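With the hints as constraints, model all of the structure from the sequences given.
From first to last, the protein sequence lines are chains A and B.
Counting the first sequence from 1 gives a position; the numbering used here is that position plus 794.
Counting the second sequence from 1 gives a position; the numbering used here is that position plus 794.
One or more hints might be untrue.
Cβ-to-Cβ under 10 angstroms is the rule here; a few derived chain B residues that face chain A [stated by the list, open to error]:
id	residue
1	A830
2	L845
3	L999
Sample of chain B residues with no beta-carbon within 10 angstroms of chain A, all distances over it, derived [to be verified]:
id	residue
4	P803
5	E851
6	A868
7	G918
8	T944
9	D950
10	L975
11	R988
12	L990
No wet-lab data here; the hints were simulated from the structure.
As the structure is a prediction and not an experimental result, all values here were calculated from the model.
By construction, the Cβ of each residue, glycine as well, lies at the ideal position given by its N, Cα and C atoms.
There are 2 protein chains.
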Amino acid sequence: MTATPGTGPADTAALAVLGLLANSDLAAVTRLAADAEVAPSVVDRIELCRLVGAAAERLGRIEARAGELGADLADVVAPFLGTFTDFDARTPPGSWWERLLKAHVGFGVEDDVARLLVRGLDDGDEATRALAQAAVDDDRHGALVVARVTEATAADPVLASRLALWGRRLVGEALGVVQRLVTDHPELRGLLERALADASPDQPLQQRLFAVLTAEHTRRMDRLGLTA
Amino acid sequence: MTATPGTGPADTAALAVLGLLANSDLAAVTRLAADAEVAPSVVDRIELCRLVGAAAERLGRIEARAGELGADLADVVAPFLGTFTDFDARTPPGSWWERLLKAHVGFGVEDDVARLLVRGLDDGDEATRALAQAAVDDDRHGALVVARVTEATAADPVLASRLALWGRRLVGEALGVVQRLVTDHPELRGLLERALADASPDQPLQQRLFAVLTAEHTRRMDRLGLTA
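In structure tokens:
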């Protein structure tokens, strides 16, 4: 049986991944633009606007891919629109550094989940896979955060320990978002099961998933010189 | 005498225009992203994010053009960074419609000023002229505002008269921004003098300038079905 675009189970999974990615980019546009507005230097403001542009551009490519699968971007993203509402309400950043770190930790966990999801996608869906990979590969925001945070914490050990604490708080909340996502979206759960099939198959999915996400978070905090 | 990039009077004027345009795009990224966040429909949210992307992309082209003139975008935009601070503080929108109209009136006046400024630029500077023209020619935001406002006011005459009042308030504040801009930036004043040389030369510059800006504002409000 040949799947009609937008109706086969493989397409359903791909559209769910596209919806999740689109929601991340919609959120990234808003978050990065708000960060740009309060950036302490015009150089950082310009760089953050450039990253806003990159998120908007990805959104356009996601829309094009959804179109190829016979779906409309608005419909595809709709089930994911509330994903970060609780997270944002629970983690209002108190300073420029907390803002930078919040975006970095949030984007990091989103990227890690995206990386796993595309691993679970049907092998034939190279177009969706490439889209998710492009988002994951763009490290410009990470590079900005590393430069600014390491510079600031080098001269201020109190800031370093405050940000380390903030990072732990953020990753805890981000894992909560992932947990709800997996519960609410069985199609994504299926992809993650497939992606993590080889990792300690006796453990429940969430435990295997959180092990990967926590390890990646620790690696990111290490890069910032902060204790995870 | 051949002007060295970034040092001749023609380049000084072009860099001032690029700085003003860059500031408009930095502000547009922030404003449109904030509007997208509170858009009542996901379709409008996506469209506004697309327009955020267009503003960010223009910013990249302005940066490239400033580079050709031997200047850095951060230096070029710096003198214009506070341009909208007062305007924004004095005109907090009270509803989705007021938000849409605020952006439309603000972008409209910015576009009208940009159109005049490039008319005053040295004839040889086609690259800067084309950049400003591209911003002016992009009517996607205008089309969105017209569609949404005419739809809403058709069923609600009270909203229509409130928005007409809000439009008058906005254009008054926007003309105040232009007035300060002309006072603070003699290089822009020179371009406007040149652009408006044929229009009632016995009148002071500000009077000729405001006549053009007010006429264009009236035309925009007509298109929205609102009394200017």
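Comparing the hints with the structure gives:
1. A least Cβ separation of about 6 angstroms between A830/B and chain A falls short of the 10 angstroms threshold, and the interface hint therefore holds.
2. For L845/B, the interface hint holds, since its Cβ comes within 10 angstroms of a Cβ in chain A; the closest pair sits about 8 angstroms apart.
3. Taking 10 angstroms as the C-beta cut-off, the interface hint given for L999/B is violated, the closest approach to chain A being about 30 angstroms.
4. The claim that P803/B lies off the interface holds: its Cβ sits roughly 25 angstroms from the closest Cβ of chain A, which is beyond the 10 angstroms cut-off.
5. With a cut of 10 angstroms on Cβ distances, E851/B falls inside the contact zone with chain A, its closest approach being about 6 angstroms.
6. Consistency note on A868/B: stated as away from chain A, yet its beta-carbon is not over 10 angstroms from all of that chain's, at 5 angstroms minimum.
7. Even its closest Cβ contact with chain A, about 27 angstroms, leaves G918/B beyond 10 angstroms, as expected for a residue assigned away from the interface.
8. Listed as outside the interface, T944/B is consistent with that label: its C-beta sits roughly 22 angstroms from the nearest C-beta of chain A, beyond the 10 angstroms cut-off.
9. With a least beta-carbon separation of about 25 angstroms from chain A, D950/B lies farther than 10 angstroms from that chain, consistent with its non-interface assignment.
10. Residue-level check passed: L975/B sits 18 angstroms from the nearest beta carbon of chain A, beyond 10 angstroms.
11. Here R988/B stays apart from chain A, with its beta-carbon at least about 29 angstroms from theirs, past the 10 angstroms limit.
12. Consistency note on L990/B: stated as away from chain A, and its beta-carbon is indeed over 10 angstroms from all of that chain's, at 31 angstroms minimum.
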